[in-house]
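J.: Each chain, letter by letter, is given below.
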Amino acid sequence: MAEETRFQELKRYVRFNEHDAELLVAFRARAEPEFPRIAQEFYDRIREHADAHDVFTGEEQIQRLQRSLVAWMRRICGGTYDEAYHEQTAQIGRVHVKIGLPQRYMLTAMALIRIALLRIADREFDAEASATREALLRILDLELAVMLQAYKDSFTERIRAIERQEGGNLRHALARAEHRYINAVELASVLILGLDREGRIMLFNREAERITGFARDEALGQPFLTLLAPEESDAAGQMRLKDALSGRLAEQVREGTIRTRAGKVRDIVWNLAYAGEHEDDDVVLFAIGRDLTEARAMAERTRQAEKLAAIGTLAAGLAHEIRNPLNGAQLHVSFLERAIKKKASEQDMLDATRVVADEIKRLAHLVTEFLDFARPKPLQLKSTSLFKLVEHAKGMASSQAEKLGVTLSSDSPSADIEFEADQAKLTQVLLNLLQNAVEATGAGGGGQVTLRSRRGPRHVLIEVEDDGPGLPAPDAPIFDAFFSTKEGGTGLGLAITHRIVTDHRGTIDVSSKPGKTTFRVTLPLRQTLEAAS
Amino acid sequence: MSADSSDFVVLLVDDELRTTRRLAEMLHEDGLTVEIARDGVAAISRLAQSPLPDALVTELTTSHANGIAISQFARSRQPGLPVFVVTGYPNLFEPDAFGAPPAMLFTKPVDYASLKEALLAAWNEKRAKDQEEAIRPRRLGCSD
Numbered sequence: 099m100a101e102e103t104r105f106q107e108l109k110r111y112v113r114f115n116e117h118d119a120e121l122l123v124a125f126r127a128r129a130e131p132e133f134p135r136i137a138q139e140f141y142d143r144i145r146e147h148a149d150a151h152d153v154f155t156g157e158e159q160i161q162r163l164q165r166s167l168v169a170w171m172r173r174i175c176g177g178t179y180d181e182a183y184h185e186q187t188a189q190i191g192r193v194h195v196k197i198g199l200p201q202r203y204m205l206t207a208m209a210l211i212r213i214a215l216l217r218i219a220d221r222e223f224d225a226e227a228s229a230t231r232e233a234l235l236r237i238l239d240l241e242l243a244v245m246l247q248a249y250k251d252s253f254t255e256r257i258r259a260i261e262r263q264e265g266g267n268l269r270h271a272l273a274r275a276e277h278r279y280i281n282a283v284e285l286a287s288v289l290i291l292g293l294d295r296e297g298r299i300m301l302f303n304r305e306a307e308r309i310t311g312f313a314r315d316e317a318l319g320q321p322f323l324t325l326l327a328p329e330e331s332d333a334a335g336q337m338r339l340k341d342a343l344s345g346r347l348a349e350q351v352r353e354g355t356i357r358t359r360a361g362k363v364r365d366i367v368w369n370l371a372y373a374g375e376h377e378d379d380d381v382v383l384f385a386i387g388r389d390l391t392e393a394r395a396m397a398e399r400t401r402q403a404e405k406l407a408a409i410g411t412l413a414a415g416l417a418h419e420i421r422n423p424l425n426g427a428q429l430h431v432s433f434l435e436r437a438i439k440k441k442a443s444e445q446d447m448l449d450a451t452r453v454v455a456d457e458i459k460r461l462a463h464l465v466t467e468f469l470d471f472a473r474p475k476p477l478q479l480k481s482t483s484l485f486k487l488v489e490h491a492k493g494m495a496s497s498q499a500e501k502l503g504v505t506l507s508s509d510s511p512s513a514d515i516e517f518e519a520d521q522a523k524l525t526q527v528l529l530n531l532l533q534n535a536v537e538a539t540g541a542g543g544g545g546q547v548t549l550r551s552r553r554g555p556r557h558v559l560i561e562v563e564d565d566g567p568g569l570p571a572p573d574a575p576i577f578d579a580f581f582s583t584k585e586g587g588t589g590l591g592l593a594i595t596h597r598i599v600t601d602h603r604g605t606i607d608v609s610s611k612p613g614k615t616t617f618r619v620t621l622p623l624r625q626t627l628e629a630a631s
Numbered sequence: 027m028s029a030d031s032s033d034f035v036v037l038l039v040d041d042e043l044r045t046t047r048r049l050a051e052m053l054h055e056d057g058l059t060v061e062i063a064r065d066g067v068a069a070i071s072r073l074a075q076s077p078l079p080d081a082l083v084t085e086l087t088t089s090h091a092n093g094i095a096i097s098q099f100a101r102s103r104q105p106g107l108p109v110f111v112v113t114g115y116p117n118l119f120e121p122d123a124f125g126a127p128p129a130m131l132f133t134k135p136v137d138y139a140s141l142k143e144a145l146l147a148a149w150n151e152k153r154a155k156d157q158e159e160a161i162r163p164r165r166l167g168c169s170d
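These protein sequence lines are chains A and B, in that order.
Going by our numbering, the letters in the first sequence line up with residues 99 to 631, in that order.
Going by our numbering, the letters in the second sequence line up with residues 27 to 170, in that order.
Check each hint, because a few of them may be wrong.
To be verified - Below, simulated PhoX-like cross-link-like pairs (lysine-lysine); rule was C-alpha separation at most 25 Å, straight line:
no.: 1; chain 1: A; residue 1: Lys441; chain 2: A; residue 2: Lys501
no.: 2; chain 1: A; residue 1: Lys439; chain 2: B; residue 2: Lys152
no.: 3; chain 1: A; residue 1: Lys340; chain 2: A; residue 2: Lys109
no.: 4; chain 1: A; residue 1: Lys475; chain 2: A; residue 2: Lys486
no.: 5; chain 1: A; residue 1: Lys501; chain 2: A; residue 2: Lys405
no.: 6; chain 1: A; residue 1: Lys441; chain 2: B; residue 2: Lys142
no.: 7; chain 1: A; residue 1: Lys611; chain 2: A; residue 2: Lys492
no.: 8; chain 1: A; residue 1: Lys492; chain 2: A; residue 2: Lys614
no.: 9; chain 1: B; residue 1: Lys142; chain 2: A; residue 2: Lys440
These aren't lab readings, by the way, just hints derived from the structure by calculation.
Keep in mind it's a predicted model, so treat the numbers as computed, not measured.
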């Protein structure tokens with residue numbers, strides 16, 4: 099037996115039979131002349147309705163629709179209700195969907211038609227009126243059912259289309275995201291390992307292969323500690339890993355070593371991320387590692403090279419400073435030799451001898467200062483009076499200032515400041531700066547040098563200002579050892595000054611232009627133990 | 027012809043004035059004429075004036091203008107001027123940085139006798155050249 103079609107099922111459901119078909123044919127014979135009137139009345143009613151009216155485009159269309167309605171009424175009373183009939187009805191339904199006729203209007207329109215047709219049946223059929231009414235109701239319900247199906251089909255189709263589209267997008271997006279994550283893991287220049295709850299390697303990226311020398315298929319499934327960190331597979335190491343695998347991360351960043359396939363040890367800094375909250379993933383810990391071996395070796399080499407370069411610069415500067423007094427001494431010894439041969443005057447020989455002695459003293463002084471700079475004695479910190487310090491330094495510089503016709507003045511705060519410092523060393527700092535300033539201004543004949551001091555919230559500020567010609571090059575590294583030497587100097591004065599100030603955790607800087615050069619020293623009021631040691 | 031080196035003028039450039047003065051005194055006793063400049067600026071001011079010295083003896087690390095700059099200025103005025111570098115920084119010395127002929131290096135402390143010999147050799151060379159120039163026109167005259 100062939101399967102029942104949808105239309106056959108519907109007909110069976112409303113019990114539409116051959117008798118109904120015959121009754122409808124008989125109904126059409128009587129009612130057909132009234133169909134155009136019904137159609138016209140129907141569209142007149144619809145036109146009164148604003149929303150339904152929106153569907154219409156013009157009088158011509160309405161005429162056509164009225165003709166269609168007449169044809170439809172003729173058709174439903176045509177007596178043949180086969181699959182072709184069903185397809186025609188379905189087509190009408192699809193047109194309704196297509197033109198956007200709302201379902202509720204189709205239902206109410208159908209009610210109007212039904213009433214008109216039933217009235218004719220009541221009027222024209224006496225004995226058969228009831229049966230004809232039933233036949234009409236059945237066929238009209240069938241029509242309605244089939245046409246509503248078009249709405250449902252359309253709706254279902256639209257939903258499917260949306261789902262298809264969304265599904266496609268989603269699959270595409272997922273694939274792309276996955277691809278991106280794979281790339282991120284594979285192309286990253288860090289080791290990326292994923293460990294399961296037992297500490298076995300479940301994820302092993304390309305960089306991990308490169309650094310460890312193990313291929314992925316060799317590493318996957320192997321216990322991390324056994325394969326890569328045998329040094330850490332003691333009880334303590336096992337415990338640490340176990341804690342990490344269960345989410346008890348003591349620290350997210352930890353340093354460790356791994357042993358490569360070739361047996362080399364590499365220093366790795368690991369960033370650990372616990373991912374065990376997600377029950378559906380077997381990876382519970384991600385370890386992202388950076389290989390520090392090269393960087394550390396490089397840093398150490400750089401440090402060594404810098405140290406050697408600094409020592410080299412210092413040694414060259416020192417050699418120059420040693421060679422000058424040696425040169426002076428040697429030349430004067432040559433002179434003495436000649437003078438003795440010539441039996442020159444005692445005074446000349448005495449002068450030369452004094453020069454030799456001076457040059458030797460200069461060498462000794464250089465050695466002392468060099469040691470002060472290169473290996474200073476620890477600070478002797480004690481409470482220091484700013485007033486006393488300033489006056490002491492000023493007093494020591496005053497005779498030279500007088501000699502060069504330089505006015506030396508101080509500008510101190512109204513109240514004294516007590517701060518922690520090494521008095522002797524700070525006196526040396528101030529004296530160095532004052533002497534430099536006095537010499538700089540005095541060279542041009544006279545001038546003004548001011549020693550200014552101020553108190554900050556947590557520090558003391560001391561400035562030495564002069565109105566001399568200024569530094570020849572304001573950006574020159576004047577605090578470097580042996581950067582410049584004035585006559586009789588060692589080239590270490592400012593370097594030592596800088597060192598003492600920084601040993602006090604202070605700062606020193608300079609600003610200079612012709613007519614105003616200021617050295618600015620800032621010192622903390624309190625020293626910590628670390629600074630003193 | 028008697029050798030008189032006193033017309034041979036040497037310019038000494040160094041900021042170690044006391045020792046430089048003593049060096050000048052000794053070279054003077056040994057028959058040379060010596061002038062002193064204490065830094066690059068003084069040296070270049072002197073070299074801007076004529077007559078130029080016959081030899082330049084300079085430290086490398088003179089202030090304001092270094093020994094190389096001084097030499098280049100001197101040689102721009104007198105090509106081939108003999109240059110002697112007396113320095114505590116022998117590692118900074120590059121003989122060709124001074125142009126031709128290469129400068130001669132003396133590392134401090136300087137052996138006085140060697141420096142004197144080198145200056146006297148420069149004087150002799152200059153004298154030979156002066157004589158050659160003096161007789162050249164006569165030779166040319168003979169060939170005519």
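J.: All hints, please: hold or fail.
T.: How the hints compare with the structure:
no.	hint	result
1	A/Lys441 x A/Lys501	violated (38 Å)
2	A/Lys439 x B/Lys152	violated (31 Å)
3	A/Lys340 x A/Lys109	violated (73 Å)
4	A/Lys475 x A/Lys486	holds (23 Å)
5	A/Lys501 x A/Lys405	violated (43 Å)
6	A/Lys441 x B/Lys142	holds (21 Å)
7	A/Lys611 x A/Lys492	holds (24 Å)
8	A/Lys492 x A/Lys614	holds (19 Å)
9	B/Lys142 x A/Lys440	holds (18 Å)
When each numbered hint is compared with the structure, violations occur for hints 1, 2, 3 and 5.
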